[in-house]
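The primary structure of each chain is shown beneath.
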Amino acid sequence: MSDQIIKHLLNDGYRYALALCQHHAMAEDILQMAWLGILKVNGPKEKGYLFRAIRNHFINQNKRHGLVPMLALGDVSEEEMFNDTNEAFLSAELSSIAMEKALNSLRVLERELIFLHYYVGYTAQEIADMLEMPRNTVLSNISRSCKKLRKYFEVDDQEVI
Amino acid sequence: MKDEKLKNSVHQYYESQELSNSRLNALLEMQELGDETSIANKVTNKNSEYWYYFRTPHFAAAAIFLCVISIFGLFISQGNNHNIELAIAKEIVLNHHKQLPPDLVTTNFVTLNKKMTKLDFSVKASTHLQLAGLDLYGARYCSIQGHIAAQLKYRDKQGNEITLYQTSANKMNKNIKTGEFNLENTQVFTWVEGDSFFGIARNVN
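Just so you know, the protein sequences line up as chains A and B, in that order. Just so it is clear: in the first sequence, position 105 is 95 by our numbering, and no numbers are missing. In short: position in the second sequence from 1, add 133, done, that's our numbering.
Simulated from the structure, these hints should not be mistaken for lab results. Among the hints, a few may not be true.
Said to hold, decoys possible - Derived pair list, reagent style DSSO-like, types lysine-lysine, alpha-carbon separation capped at 27 Å:
#, chain 1, residue 1, chain 2, residue 2
1, A, K53, A, K37
2, B, K223, B, K257
3, A, K141, B, K140
4, A, K91, A, K30
5, B, K223, A, K138
6, B, K251, A, K(-3)
7, A, K53, A, K30
8, B, K140, A, K91
9, B, K231, B, K251
10, A, K138, A, K91
11, B, K231, B, K257
12, B, K290, B, K223
13, B, K248, B, K231
14, A, K141, B, K248
15, B, K290, B, K257
16, A, K91, A, K141
17, B, K138, A, K37
18, A, K(-3), A, K30
19, B, K251, B, K223
20, A, K91, A, K137
21, B, K140, B, K231
22, A, K37, A, K(-3)
23, B, K257, B, K247
24, A, K138, B, K140
25, A, K35, A, K(-3)
26, B, K247, A, K37
27, B, K231, B, K247
28, A, K91, B, K138
29, B, K140, A, K137
30, A, K137, B, K138
To be verified - Here are some, though not all, of the chain A residues that point toward chain B, as calculated from beta-carbon distances under 10 Å:
#, residue
31, N1
32, W25
33, L26
34, P34
35, G38
36, Y39
37, E90
38, Y109
39, V110
C-beta: ideal position from N, C-alpha, C; glycine also.
Given the sequences, and given the hints that come with them, work out the whole structure.
Right under this line is the structure:
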């Protein structure tokens, strides 16, 4: 496997870790632990396997620190989610900082779904298989997350999927 | 196409996020190394790996120092034990050659224990193989390395004199394992049985 492919894989792994924890240094550490684990067991160097390893490390790390990142959806109102909406972001241009802030306002699972669907390009069924949850739940959560993002940027509500 | 815009923005945002070069290079090196030990040594997140502490120079120096001390101590201990064993064997040979008459003539251990009141231990009939076929006929007081001991007198079937020495196991002899010595035409066999130290001496023809 060429260095270029590995670099691409590692960067995708880093982005996934970032989608989960939204913290650059932590994302690098999680990726490194996952990568080390894969090398130790001589596991396959493929995206799905790396993502699973990253997810497991992320969950373990949060358990160790007493955090509960994977809260059930629906127990916080959207008003609460967007109470820090910045007027500056209401302009059409979605800067990197604005996007980061918007993604930060989502819950971990919502951010993860947005990443897997919009960035990686996984279908709802693929995500459902990976996260071991019903496809309909994935679809509704993606739809809900998009709605939140659109609301954040005051984009007109529109059906996404 | 606002959904497309949102999708593109998400894509652009994640596309712009990249691993730092130093971390990327470290991960690539880990991949190249392949073997587990080398991989472990390449981890840069030192605080997250417990084994990091085991490869610091201080730990290595301390470990080497402890190993050297342990090995040195082992040699000294073994040397001391050997010297003590030899000294005891020599003393047993000396006592054996004196062939002093028994203070008490008896074939009974109950009588021995009743009469030899100065001893700080009970005289036991050892079941050691070295005593097989020997007959007790008497005993006397003696000492081994300054500790009071019982010299039990035996004869074998041919009438040869054999002396058995018993003393309580103490700091000096409790760590002595079974030993065998041939000194001055005398064979000495030593062992520890329970809380007693035994030594037997017999002439070698």
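Evaluated hints:
| no. | hint | result |
| --- | --- | --- |
| 1 | K53/A <-> K37/A | holds, 24 Å |
| 2 | K223/B <-> K257/B | holds, 23 Å |
| 3 | K141/A <-> K140/B | holds, 14 Å |
| 4 | K91/A <-> K30/A | violated, 36 Å |
| 5 | K223/B <-> K138/A | violated, 95 Å |
| 6 | K251/B <-> K(-3)/A | violated, 87 Å |
| 7 | K53/A <-> K30/A | holds, 23 Å |
| 8 | K140/B <-> K91/A | holds, 16 Å |
| 9 | K231/B <-> K251/B | holds, 22 Å |
| 10 | K138/A <-> K91/A | holds, 12 Å |
| 11 | K231/B <-> K257/B | holds, 23 Å |
| 12 | K290/B <-> K223/B | holds, 26 Å |
| 13 | K248/B <-> K231/B | holds, 23 Å |
| 14 | K141/A <-> K248/B | violated, 106 Å |
| 15 | K290/B <-> K257/B | holds, 22 Å |
| 16 | K91/A <-> K141/A | holds, 13 Å |
| 17 | K138/B <-> K37/A | holds, 26 Å |
| 18 | K(-3)/A <-> K30/A | holds, 19 Å |
| 19 | K251/B <-> K223/B | holds, 24 Å |
| 20 | K91/A <-> K137/A | holds, 15 Å |
| 21 | K140/B <-> K231/B | violated, 107 Å |
| 22 | K37/A <-> K(-3)/A | holds, 12 Å |
| 23 | K257/B <-> K247/B | holds, 12 Å |
| 24 | K138/A <-> K140/B | holds, 13 Å |
| 25 | K35/A <-> K(-3)/A | holds, 11 Å |
| 26 | K247/B <-> K37/A | violated, 87 Å |
| 27 | K231/B <-> K247/B | holds, 25 Å |
| 28 | K91/A <-> K138/B | holds, 17 Å |
| 29 | K140/B <-> K137/A | holds, 12 Å |
| 30 | K137/A <-> K138/B | holds, 13 Å |
| 31 | N1 | holds, 5 Å |
| 32 | W25 | holds, 5 Å |
| 33 | L26 | holds, 6 Å |
| 34 | P34 | violated, 13 Å |
| 35 | G38 | violated, 17 Å |
| 36 | Y39 | violated, 14 Å |
| 37 | E90 | holds, 7 Å |
| 38 | Y109 | holds, 4 Å |
| 39 | V110 | holds, 9 Å |
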